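Undergrad: Sequence:
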Amino acid sequence: MEALRESFLHLTFQMSTYKRATLDEEDLVDTSPDGIYPSSAMQVTVHRGSGPRCWTERTHVERRMVVVTCALSLALFICILTLGIHYREGHPGLCLSEPCITVASSVMGALDRSVDPCQDFYNFACGGWMKKNPLPEGKSRWGPFSNLWEHNMAVMKNLLENTTRQDLSKAEQKAQWYYQACMSEAKIEQLGAQPLQELINQTGGWALNGPWDKDNFQEVLRTVSANYRTSPFFTVFVSTDSKNSNSNIIQVDQSGLGLPSREYYLNKTANEKYLKAYLDFLVELGVLLGGSEENSRTLMQEIVDFETTLANITVPQEERRDEELIYHKIQAKDLATLAPAVDWMPFLKAVFAPVTLNESEPVVVYAKEYLQKVSDLIQNTNKSILNNYMIMKVVRKMVSILDQKFQDAEQRFLEVMYGTKKSCTPRWKLCVSDTDSALGFALGALFVKATFAEDSKAFAEDMVSEIKWAFEDSLKYVGWMDPETKKAAKEKADAIYNMIGYPKFIMDPKELDKVFNDFEVVSDLYFKNVMHYYNFSARVTADQLRKAPNRDQWSMTPPTVNAYYNPTKNEMVLPAGILQAPFYSRAWPKALNFGGIGVVMGHELTHAFDDQGREYDKDGNLRSWWKNSSVEAFKRQTQCMVEQYSNYTINKEPLNGKHTLGENIADNGGLKAAYKAYVNWIRKNGEEETLPALGMTNHQLFFIGFAQVWCSVRTPESSHEGVITDPHSPSRFRVIGTVSNSHEFSKHFGCKPDSPMNPRRKCELW
8 MEALRESFLH LTFQMSTYKR ATLDEEDLVD TSPDGIYPSS AMQVTVHRGS GPRCWTERTH
68 VERRMVVVTC ALSLALFICI LTLGIHYREG HPGLCLSEPC ITVASSVMGA LDRSVDPCQD
128 FYNFACGGWM KKNPLPEGKS RWGPFSNLWE HNMAVMKNLL ENTTRQDLSK AEQKAQWYYQ
188 ACMSEAKIEQ LGAQPLQELI NQTGGWALNG PWDKDNFQEV LRTVSANYRT SPFFTVFVST
248 DSKNSNSNII QVDQSGLGLP SREYYLNKTA NEKYLKAYLD FLVELGVLLG GSEENSRTLM
308 QEIVDFETTL ANITVPQEER RDEELIYHKI QAKDLATLAP AVDWMPFLKA VFAPVTLNES
368 EPVVVYAKEY LQKVSDLIQN TNKSILNNYM IMKVVRKMVS ILDQKFQDAE QRFLEVMYGT
428 KKSCTPRWKL CVSDTDSALG FALGALFVKA TFAEDSKAFA EDMVSEIKWA FEDSLKYVGW
488 MDPETKKAAK EKADAIYNMI GYPKFIMDPK ELDKVFNDFE VVSDLYFKNV MHYYNFSARV
548 TADQLRKAPN RDQWSMTPPT VNAYYNPTKN EMVLPAGILQ APFYSRAWPK ALNFGGIGVV
608 MGHELTHAFD DQGREYDKDG NLRSWWKNSS VEAFKRQTQC MVEQYSNYTI NKEPLNGKHT
668 LGENIADNGG LKAAYKAYVN WIRKNGEEET LPALGMTNHQ LFFIGFAQVW CSVRTPESSH
728 EGVITDPHSP SRFRVIGTVS NSHEFSKHFG CKPDSPMNPR RKCELW
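Residue numbers (my numbering): 8 to 773.
Rather than coming from a laboratory, the hints here were simulated on the basis of the structure. Just to be clear, a hint being listed does not mean it is correct.
No farther apart than 20 Å at their CA atoms in a straight line, the calculated lysine to any residue pairs in the SDA-like style are these [what the hints assert, rightly or not]: (1) K280 x G297; (2) K464 x D559; (3) K554 x S246; (4) K139 x S121; (5) K280 x E314; (6) K499 x W487; (7) K428 x D415; (8) K340 x V245; (9) K250 x K625; (10) K665 x E639; (11) K659 x P734; (12) K517 x Q560; (13) K280 x E291; (14) K483 x Q644; (15) K340 x N365; (16) K535 x V406; (17) K138 x M115; (18) K412 x L206; (19) K375 x Q258; (20) K390 x I310; (21) K597 x N687; (22) K221 x Q204; (23) K336 x V294; (24) K250 x L332; (25) K691 x F466; (26) K769 x G757; (27) K429 x Q418; (28) K412 x E291; (29) K625 x E205; (30) K283 x I310; (31) K380 x I310; (32) K280 x I731; (33) K138 x P723; (34) K404 x E205.
Please read these numbers as outputs of a predicted model, since none were measured by experiment.
With the hints as constraints, model all of the structure from the sequences given.
TA: Below is the structure:
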């Protein structure tokens, strides 16, 4: 790197010297010698006497010549200055700071120059990176997000292990204790399966070790849902009422399955190896918990068969994108009519204890038909199978907090599920991640104080403002939307609330301690701490039910490498964890910052106007605020994207353009808004210096920066899982899908019409 830096400096020194020389030489050619140095001109004038004369002694002609000479010199100076400024604007020069040289090397190393950017921009931008970044052991996917998260975890590890500090709040100390308990492997190994076996016995047992015939379905359902936070047949939670964003409400929806998606159960031929690995995993868990191989296999096969039936009645995610259609508000007493298999009032009172509930409590149901079918399924299924299924949901949830034998069993399953090679992932990584999940805002306080510069927050806020301006300005040119709806859309964009870095309360030790005051943590019993966390989170959830939504409540912890948009609060959140390289650095050219974090910001902002976000108004209420003509036009415009992305395949498996529509809209809108904001920045500030050795304009660099954020490698198994479950398109298509819709991209890379990255038909929305 040092040699590379020296060669850059040497090359640039020569070039800059040459430019200065050229400028000076042009001045000499274009100007008479007498006009260059006025003082010399006066000295070569005819003298009267031996010494220089004062102004009054000069003749009228001499005085006139001096005035003219000075005027010409001044005019020349102004011309030179003006020419220099114009030349500088057109030829901004190279950025030779150390950060510029370093990032230029990184950008260049990720490229594959043998690929034509107009043929395959993803491979052009990321081909070099992919060759140099084979999948790390134990990882099913790898990219800049993963790399930055690994960095953040290392920072958190050091903070959690520094127990000598005397300035920690009680909440921050609890985070350290939680981590220490997780790291107490000797104690965890000593206890083995005992904590989970005791928990199963307290819940009523199961049929693993012999005949089971109890009539306790309602009690077990309440226990596993309220105490262990599992969702066997449906999920119940508290969140903002989509049609009344000023209040929280109980919500009921379909729940997840043991495998990532219903497709794994229904398409058995394509997913045979995953189903076999899943069954083998469950059987091994049964044996570890005291069952025989034969009994365990019989019991677990019944569970997989039952889950397959559940998968059949589960509604595919792409059919649930229109919330107006699936939102049903009823009273708690109406649940008994909808799904009579569940004793609803005792269930809700247990889950939301100690809050007082009655039969008129409002509830929003998001899976009406599913609940009816699951109720029928419960009533027509053997109660032993139902019990085994509920207990298995608890066992699956507890696997990661038990001893190494359970960890190894899960690892073998994940190796098949995601194609990972066996690796010895350090225990500390699991413990840091789990501490972030349980006490992420206490750990986040440590993280922010150690890593986050306050000027990053100001920078991000300024950039968000620029992105928002660009999006709103583009609204003027959206031809398919009527003026009235367009005006309301601008008002919604104006009203988006930005949350950047971290929530304020974590910087106040008293406020932070208050949040975690009821969370009891001990330093040596990991399983017990996790149980305490479940009880704590249950109380927090119940408490939310009687409070208005808190706009400053975050759904991501500060170290998280991600961002999100919340439609019921009309807010976008950018945690401190993502406000770092490769998304942003204050020392980088603006082209890279706009292409990186700028596109992230534009992406989240555009979610307010995707196929789901657009249904919410500026106050976060689900209502029809668009004119019907614009709704129909929107659907016609988005159909283009549905078709575009459905035509992409990965490993011969087609993408689901309907399932990924919201994220594809956000990707396209985010890129467009960020580029427009960058062009506006140039208009106000002038062209910036370019990076050395790349031979690229900054406009090209913007698109390169965007693409390289998405460079990734992934196992075929992980890609398969992503196609089925992920609402985002695979990284490759997040890049080529967006740039092939961008006129500006084709212009700056000179892509001919009908080239792969410049199709004549472009999908344009925002």
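Undergrad: Go through the numbered hints given earlier and state which of them the structure violates, listing their numbers in rising order.
TA: Of the numbered hints given earlier, those the structure breaks are 1, 23 and 29, listed in rising order.
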